[in-house]
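The listed protein sequences correspond, in order, to chains A and B. Using the numbering used here, the first residue of the first sequence is number 826, and each one after it goes up by one. Using the numbering used here, the first residue of the second sequence is number 804, and each one after it goes up by one.
If you are wondering where the hints come from, they were derived from the structure by calculation, not from laboratory data. All clues given are correct.
Cβ-to-Cβ under 8 Å is the rule here; a few derived chain A residues that face chain B:
1. T1131
2. A1136
3. W1139
4. H1151
5. I1172
6. L1187
7. T1190
8. T1200
9. A1267
We put the CB at the ideal spot given by N, CA and C, even for glycine.
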Amino acid sequence: MATMTMYPDAERLDRGERAGFNMYMITSVVLFVLLMLLGLIMRMSQANWLTVRPDLFYRLLSNHGAGMVGTAGLATTGVMWYFLRSYVRLSRWAFVTNYVMFLLGALAIIVAIFVDGYGALWTFLYPLPVRGMGLWTPSAAALFMVGYLLIGVGMLIFYLDAAAAIIRVHGNLGRALGLPWLFGGPIDPDHPKAVVASTMVIIANVLGILAGAVVLVMGLVNIYVPEMTLNALVAKNLIYWFGHMYINATIYMGAIAVYELLPRYSGKPYPISRPFLWSWAASCLFVILVFPHHLMMDYAQPRWLTIMGQAISWSAGFPVLLVTVHGALTNIYRSNMRWTLPSRLLILSMFGWAAGVVPAILDGTIRINQVMHNTQWVPGHFHFYLLLGVLPMTLAVMFHVIGRRAGSPPNNGADRVGLPVYLIGGLIFTMAFLDAGRRSVARRMATHLPDWVATDRFGAIGAMIVVLAMTYFAIRITVGLLTAPASGDTTDGGVPHATG
Amino acid sequence: MILQNVVWAIALTGMGLVALAFVHVISQASRPADDTATRKAARTSHVIRRWLFAVLAIGFVAGSYATLRPFPIPAQHAPPGDHQVVAVEGRQWSWIITPDTVEAGSAVEFQVTSSDVNHGFAIYAPDGRIVAQTQSMPGYTNKLVHTFADPGTYKVMCLEYCGLGHAPMTSAITVVAPAGT
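Chain A on its own, in the form it takes in the complex (with noise of 0.2 Å):
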């Protein structure tokens, strides 16, 4: 069972770790930054607001796109990372290579776009990044793959170390996460949740950076030979089983927070249970198998894998919806909830998660997809889960480490007014992309027409208020982190609920 006490022993960062985890998180928040602001500057663009010439436009997307896939990735990582090591022994170097292969890969992709001005966004459908038009060359599009491929092996190196320290504990991953007690028998009360939760990220993941590196493999190849040419549905299958389960990964690592830190905060236990190790179990193999829900207006696809992209995609809702967040809210209920920046994060995190599941859930209905595939739709479901879901889960974390650092959890006045702020300009900014929508307006365009305007501003208007929330966010997270104590990690580890 998840600790109870706010500050366990056992998660205090010696001054080695304490400098992986500040790269980590600081990183990522200003990442997080840099890449909205390119967002806000492309919604600013599309409401007229701002004159972005198209080529440019395409390379701010490719870079706002790849950015923040491959930064959610980094942060979450960060997360899975900081409570797993509780558990079992991972190596600082697998965690220290997958940052640096990060920052190399981040470079590449940088130069790659605003160097050699490559523009296939960050799905590089092939063929595509072989056919810039003269907007870019084939070597920019290498350069990109190799970026991707960087931090692909980096973030595998974590897995692989990762999954080796939950083997040497629990066996094999068919025990860590939990299936041996899907049926019956006692569960060990104390199988920690992080454990069934990373493992069903490295087993949905690794085969997902598996298949991207051969897609982006097989893509270099092309572009260096290119008689040796690609199978453009069976690329599209490897780009989308690869991006789908890197970005779903994001967001169950970042689930790990939840359970550990949503306890801590109640001060109500959340025991671990066989409908959470069916959920864990379910929601493994429903991220490997929902990628065909991105392939519905492919008609020439294999008749069963659109249905299963349907079914796969409505059944994910039921373990997100049925146990994660209604096991989060029954947790909270009549508990002594200490309302605090942490515990508000998560709680945000949760709503986040399960209010965008219901369009990401439509949009994943073939009928429905045949008038709402690749409008604004499509972007307003996954900003929605990414900006209120995902996001909060990994801010969530860096403040309570803070807290940790400080002795009592972030709460000042700022951050209450922060977080509300956040919330509201999240809001804004999804509900323009749904209501887009909703209006046909097309995603991924430069120009668009003057009947679509008005949600574009409605849009930026979202989007400005998020970067500002999100940069009080940044700073204060960069000046708590860097001003702990010089010893370290030293606060005492033993702060109860009930004290707080």
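Let chain A serve as the given structure and place chain B on it in line with the hints.
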């Protein structure tokens, strides 16, 4: 009934219900319960979860049946029969649509392909709403069947990013009243 508006209403209802559940629980979150009330709350929580599961399961079965029968994507290898046939080819950054005039009231079969990269063939009604779409992919021909209810000029837009000229990659289909009306 415009499908997009139905979807919007369902989304707002679902998200609103989620928000209401959160508001209710948050309003109760700082009222610690004694042991009896805690046990009662736990039992209620289990009952709610069972009901929620039942509602979702029924929704899953009924929704799947309603949205998959008849299957919304036409059989890709069936002969066109009496459909009006339109060949569509996407290329960076224009559409070749042959013929570009069809009749309302009877099925039109669009045979959509691409000569270079992936495009998205989307048909916008005169009121600005998407009525049908499929992908335009090199090496494949996607068959899209749609029956236009009303005559008019329907705009074609590219909905899959295809490079610098993606946004201006538009065309039009003229839908006329059926002959003899």
